[in-house]
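Participant: With the hints in hand, could you dock these two chains into one complex?
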Amino acid sequence: MESSRQSRIQSLFTNLRNAGRTGFVAYITAGDPTIEFTEKLIPVLEKAGVDLLEVGVPFSDPLADGPVIQDAADRALKHNTNLDDIFSMIKHLRTSSELPIILFTYLNPLFQYGVDRFALSCKESGVDGALVLDLPPEESAEYKAAMDKNGLDTVFIMAPTTSENRMKLIADASSGFIYYVSRTGVTGEKSDVSAEIGEKVRLIRSVTNKPIAIGFGVSNPDQVSIIAKHADAVVVGSAIVRHINEFKDSSDIMQCVGEYVSSLVQPLKNEDR
Amino acid sequence: MNYKQFPDDRGYYGQYGGKYVPELLMQALEELTAVYQDARKDPAFKNELDMLLRNYVGRPTPLYYAPRLSAMLNDAKIYFKREDLCHTGAHKINNTIGQVLLTMRMGKKRVIAETGAGQHGVATATVAAKFGLECNVYMGSEDIERQRLNVFRMELLGTKVIPVQSGSKTLKDAVNEAMRDWVTNVRSTHYILGSVSGPHPFPMIVRDFQSVIGREAREQILALEGRLPDLMVACVGGGSNSMGLFYEFLNDTGVKLVGVEAGGYGVGSGKHAARFQGGRTGVFQGAKTFVLQSTDGQINQTHSVSAGLDYAAVGPEHSNLRESARCMYSSVTDKEALEAFSILCKLEGILPALESSHAVAYLLKNPPKKGEVVIVNLSGRGDKDVQVAQEELKKNGII
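Protein sequence lines correspond, in order, to chains A and B.
Heads up, the first sequence is in numbering that gives the first Met the number 0, so the first residue is 0 and it goes up one at a time.
Heads up, the second sequence is in numbering that gives the first Met the number 0, so the first residue is 0 and it goes up one at a time.
Next comes chain B alone, as it looks inside the complex (with noise of 0.2 Å):
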């Protein structure tokens, strides 16, 4: 089977993803598709989205040995994709970048963005200033709290941050808000979706150009070790990070894969966001997939000490990675990832975001064997989660 045969021309991953969404939205949805087929024609925008990878971006990233966890991991061969290092802390940037691009090809003068830890926040108010475009910003409220220093850092960078107060006041909220403005100002205004979610074409061009971190991953993965590792594992909130990672082993069906959901205070309490583990299908905010709801279907509020894996739906092609059982999905609580940062930071040197804490807590649950050869992306550097952290250490007892 060819697991990179999706989307088909629908916008669907099998049977989920599609476009959902008000007719407003119908033809902005037309013009990005068809602006995104020609940049990806395009040799100019190739060339010019490599250079900003390189020069900008910082690419390529490390692919870190980290010789400590391996130790402490049955001597297995642990390696960081380090996109903690990229521009602004995050994987988020490859995709900006990308999407900045195309709204300069579409003429449109303004950007708006969702953010929940407030990494694509950050990475499109990066981009809007590096293009002098106007920029506006969704947060929940709750993660404003919990985020202030990436609320600063965006408005330094000329962006005005808008506090969402209905539902949540997470993530998903954020989108709905973003959503609104869209379709009051749709024929200025491209909206840069941060994740591998939403509706048709976003999945796909946010997949593509976060698929740049798989590739170089293969290629230094070979250069170290003369051959594929075992398995990668990778967090997955709306799912971007481990989409870019995934997509290009997706048929190297010898490689293990691995995406860890935020299972919050435990999916037993109905306080988590690991859709996989306690959602079912359904259709939100642009698309069929998995989604946590009430029997009613309505959306559930979902929690995580990470914002970032905050979210009630997962992107539609993760939905059909589970069902074809090319990608197996775990979940971790906060008091494991919480613990994953702290060894993270004391073993290796390295601060990682609460999100990535997710993954690395799942080795710390499921030690690989002796020799293996294990990827972990590490998406983001944990710096804005200085604060959170301390005050759940200290509550969950690891400090």
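For reference, chain A alone in the conformation it holds in the complex (with noise of 0.2 Å):
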């Protein structure tokens, strides 16, 4: 039975639990600039230590995203950069990676796309899961049952503002890992992490087992730090996103990226548990 097997999401996390380490989830936009770029990208980052990457399909109006994912989206609609795009693009990369991916995205391309014909294209194409920032579990029905049925893992988030009750709604709907935004607020990079994080993931984990990834506001190597002592995986999304784009017109960007995202993942190999 397909839901019986691993899936290549918690393969990762029984690893990382086994070794004692926590994960690095990394984000980008694919299509920022194109779909080419994105998938020389992937690689990178795979050898700069991600351990599950979370590629946005860009729309129009991310209302949950700050300005530097929003400006990424932009400069990916310039090619209308499109679902398809992106399965054939992690098709391909398939041959030669066995990177974690899951989709970030807003609902309207995926249900436009047809929530069944988005399921299967993801499992031909080698995509692991989705998460759909503006699909909370109590419309997720459709979506979860055709994703479930492609043994595909629904990552759904938790936010501070999430009381006990849905906690654990969420939790039974999560498959794959539970993401954490750690603080109120869009996406972006912020200088402090909420005080409150421990008190609210201790909480969590009294209503599940499944792993947590935290994320929102993560920008540099000790913030990195300090969120991994709550978490499963620590997410960095915008901060990447906004280094790709610095370096955009520079030869070495490939170089330049793979060292940034390196000094992030650094503190967790040197992990004491």
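Hints may contain errors.
What the hints assert, rightly or not - Each computed SDA-like pair below joins lysine to any residue, with the alpha-carbon atoms no more than 20 Å apart:
| # | chain 1 | residue 1 | chain 2 | residue 2 |
| --- | --- | --- | --- | --- |
| 1 | B | LYS168 | A | VAL67 |
| 2 | A | LYS77 | B | SER165 |
| 3 | A | LYS77 | B | GLY166 |
| 4 | A | LYS143 | B | GLN14 |
| 5 | A | LYS77 | B | ASP295 |
| 6 | A | LYS77 | B | THR294 |
| 7 | A | LYS189 | B | THR183 |
| 8 | A | LYS77 | B | GLN300 |
| 9 | B | LYS168 | A | ASN14 |
| 10 | A | LYS122 | A | GLU38 |
| 11 | B | LYS168 | A | ASP70 |
| 12 | B | LYS107 | A | THR183 |
| 13 | A | LYS167 | B | GLU30 |
| 14 | A | LYS77 | B | GLN297 |
| 15 | B | LYS3 | B | ASN184 |
| 16 | A | LYS199 | B | ARG186 |
| 17 | A | LYS77 | A | GLU245 |
| 18 | B | LYS168 | A | LEU76 |
| 19 | B | LYS107 | A | SER162 |
| 20 | B | LYS168 | A | ASP73 |
| 21 | A | LYS189 | B | ASN184 |
| 22 | A | LYS122 | A | SER139 |
| 23 | A | LYS189 | B | ARG186 |
| 24 | B | LYS108 | A | THR183 |
| 25 | A | LYS167 | B | GLN26 |
| 26 | A | LYS199 | B | GLN300 |
| 27 | A | LYS77 | B | ASN299 |
| 28 | B | LYS345 | B | GLN300 |
| 29 | B | LYS168 | A | GLY65 |
| 30 | B | LYS108 | A | THR160 |
| 31 | A | LYS77 | B | LYS168 |
| 32 | A | LYS199 | B | THR183 |
| 33 | A | LYS46 | A | ASN14 |
| 34 | A | LYS77 | B | SER293 |
| 35 | A | LYS247 | A | GLY257 |
| 36 | B | LYS168 | A | ARG74 |
| 37 | A | LYS199 | B | ASN184 |
| 38 | A | LYS167 | B | GLU29 |
| 39 | B | LYS107 | A | THR160 |
Just so you know, these hints were derived from the structure itself, not from any lab.
Facilitator: This is the structure in structure tokens:
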């Protein structure tokens, strides 16, 4: 049976737990600035120590994102980057990579593509799961069924404002891992780390033993270390996307991005747990 | 069929509606739903709202018989529901006065709003001033250009108007930015959403607060004509003035209901905001509804001479009313709306908002028969539009 086999994501977190290590999750926007660039970048990220990749599907109206990811989506949409482009890029990548990959998307592009067709394309191209930013579990029955049927993971978000009642609901709907957003707000870098993370994560762990990835606002190795104390994986998004854009005209952009991501991953290699 | 049974407890109007928002907002929507249900049962809330509608907003607004326009249109009997005579000049304050009372019940000290034409922004700034709340209004920079007067009014009222530079720089982008503010400040801030759009419970709450328009109109037309109207017409952007007028009449199936969308340069041009002509079902800014979008599900940029109708999605209840064929939806172009604007000034001495001019234009295009009783919602006054109208009337060869 499809669901009894461990997914790439589930294997990753099992391995991380066995090794006593916190994983590193990177976010990039597909097609920023081109889909060809994204395809070349992914192996660089993998080599730099990324354990799981969130591939952002560009959307015209990303209301949960700050300016860095809005701008990345605009750049990707200049070439009309769409789900088919992303699926064929990942399918090609799968001939040489086993990196766990989820799509990070708003609902409308997925809804227009067709929920069943989306799940099938994920499976056929080697995408391991998805996180739909504006789809709470209450609205997710059809999506969840299609993803489950194809053995794909469904990641849902918990937030500092999530009540205990909802934690259970979200944990039940989630597979692979749960994404905890460490502060209120949109995506983007922040200088401080929210003090309430530890308390909230303890609360989440009291309702579920599913892995927890923590993100939103993480941009330097110190923050990675602090978050790692509470998380099964740390997510960095906007800071990487900003870096890619800053070096976009440089001939050694791949090396620059690779070194930056390595520096973020570094604290997780020296962990003492 | 009971057309007033919606939404269901999940916030759906048939297959439309719902709560499609980031997790960060779910708690705020649940809180708002609970506070609203509680307020609805509280006689003190109703008394305070009624008192404010009477003494502050200036309700009831008149139902005015328009003799010269009626004579021009086959001697039909055309009435205007004069929402333009509300305090602040549009129907928008019916909703903001209700939502500010909910804000006080929640104990929140700050409100935010999006605005297109500026009418909802002004109405929010007004109630924020009255209740001593901090207020930020998000407005597309293109709309700021075409509605300068309203921007200054908001500033006079102590509100900070924040220009939105992203996307098409109009209403949808202002909503995105207001949502971003809300997810960041959700614990201290209430988002006074201005239309029957967005996630549940907003479409229901805004409709309920606006439905005072139809309740009054029903009573007034019965007193004046001794019967219900044959036809009611209102413009539809997000759809709050039309829902407000129509709601009380939904189960009177002898009353034909027509919503008029912004046809911009014409539906064939692609530059318009007629969701029911060129759109299809999608999920946008919190609700499943009709949306103007690309094959890939990217949201289209829209165009209308009227900033208040220039929006890519329509309130979910309208999508359901169209599907059940209870309401009919049509569109008129910028030019037709401008002609109606000009005619109403000259024939009745009423300067309508460009939004409301769309409803009048529908009647000019589809004249009623002799003796037919018609109510048009004159949702706002046109003072704010004088500058744009001057340029556009010239451009279109109307003056």
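Participant: Hint by hint, say whether it matches the structure.
Facilitator: Each hint, compared with the structure:
1. B/LYS168 - A/VAL67: holds (18 Å)
2. A/LYS77 - B/SER165: holds (15 Å)
3. A/LYS77 - B/GLY166: Holds. A/LYS77 to B/GLY166 sits at ~12 Å (cutoff 20 Å).
4. A/LYS143 - B/GLN14: holds (18 Å)
5. A/LYS77 - B/ASP295: holds (13 Å)
6. A/LYS77 - B/THR294: With Cα atoms ~15 Å apart, A/LYS77 and B/THR294 stay inside 20 Å; holds.
7. A/LYS189 - B/THR183: holds (13 Å)
8. A/LYS77 - B/GLN300: Holds, at roughly 14 Å.
9. B/LYS168 - A/ASN14: violated (48 Å)
10. A/LYS122 - A/GLU38: At roughly 18 Å apart (the allowed maximum being 20 Å), A/GLU38 and A/LYS122 satisfy the hint.
11. B/LYS168 - A/ASP70: holds (15 Å)
12. B/LYS107 - A/THR183: The given pair, whose Cα atoms are some 17 Å apart, holds under the 20 Å limit.
13. A/LYS167 - B/GLU30: holds (18 Å)
14. A/LYS77 - B/GLN297: At roughly 12 Å apart (the allowed maximum being 20 Å), B/GLN297 and A/LYS77 satisfy the hint.
15. B/LYS3 - B/ASN184: The hint is violated at about 34 Å.
16. A/LYS199 - B/ARG186: holds (16 Å)
17. A/LYS77 - A/GLU245: Cα-Cα ~18 Å, so holds.
18. B/LYS168 - A/LEU76: Satisfied, since the Cα-Cα distance of roughly 17 Å is no more than 20 Å.
19. B/LYS107 - A/SER162: The hint holds at about 19 Å.
20. B/LYS168 - A/ASP73: Roughly 14 Å between the alpha carbons, so the hint for B/LYS168 and A/ASP73 holds.
21. A/LYS189 - B/ASN184: The hint holds at about 15 Å.
22. A/LYS122 - A/SER139: holds (19 Å)
23. A/LYS189 - B/ARG186: Within the cut-off at roughly 19 Å; holds.
24. B/LYS108 - A/THR183: holds (18 Å)
25. A/LYS167 - B/GLN26: Satisfied, since the Cα-Cα distance of roughly 14 Å is no more than 20 Å.
26. A/LYS199 - B/GLN300: With Cα atoms ~40 Å apart, A/LYS199 and B/GLN300 exceed 20 Å; violated.
27. A/LYS77 - B/ASN299: holds (14 Å)
28. B/LYS345 - B/GLN300: violated (34 Å)
29. B/LYS168 - A/GLY65: holds (16 Å)
30. B/LYS108 - A/THR160: holds (18 Å)
31. A/LYS77 - B/LYS168: Measuring from Cα to Cα gives roughly 17 Å; hence the hint holds.
32. A/LYS199 - B/THR183: At roughly 18 Å apart (the allowed maximum being 20 Å), B/THR183 and A/LYS199 satisfy the hint.
33. A/LYS46 - A/ASN14: Given pair A/LYS46, A/ASN14 holds - Cα atoms ~18 Å apart, limit 20 Å.
34. A/LYS77 - B/SER293: Distance of about 14 Å is within 20 Å: holds.
35. A/LYS247 - A/GLY257: Holds, at about 13 Å.
36. B/LYS168 - A/ARG74: Holds - the C-alpha atoms of A/ARG74 and B/LYS168 are around 17 Å apart, at most 20 Å.
37. A/LYS199 - B/ASN184: holds (18 Å)
38. A/LYS167 - B/GLU29: holds (16 Å)
39. B/LYS107 - A/THR160: Distance ~16 Å between B/LYS107 and A/THR160 Cα, so the pair holds.
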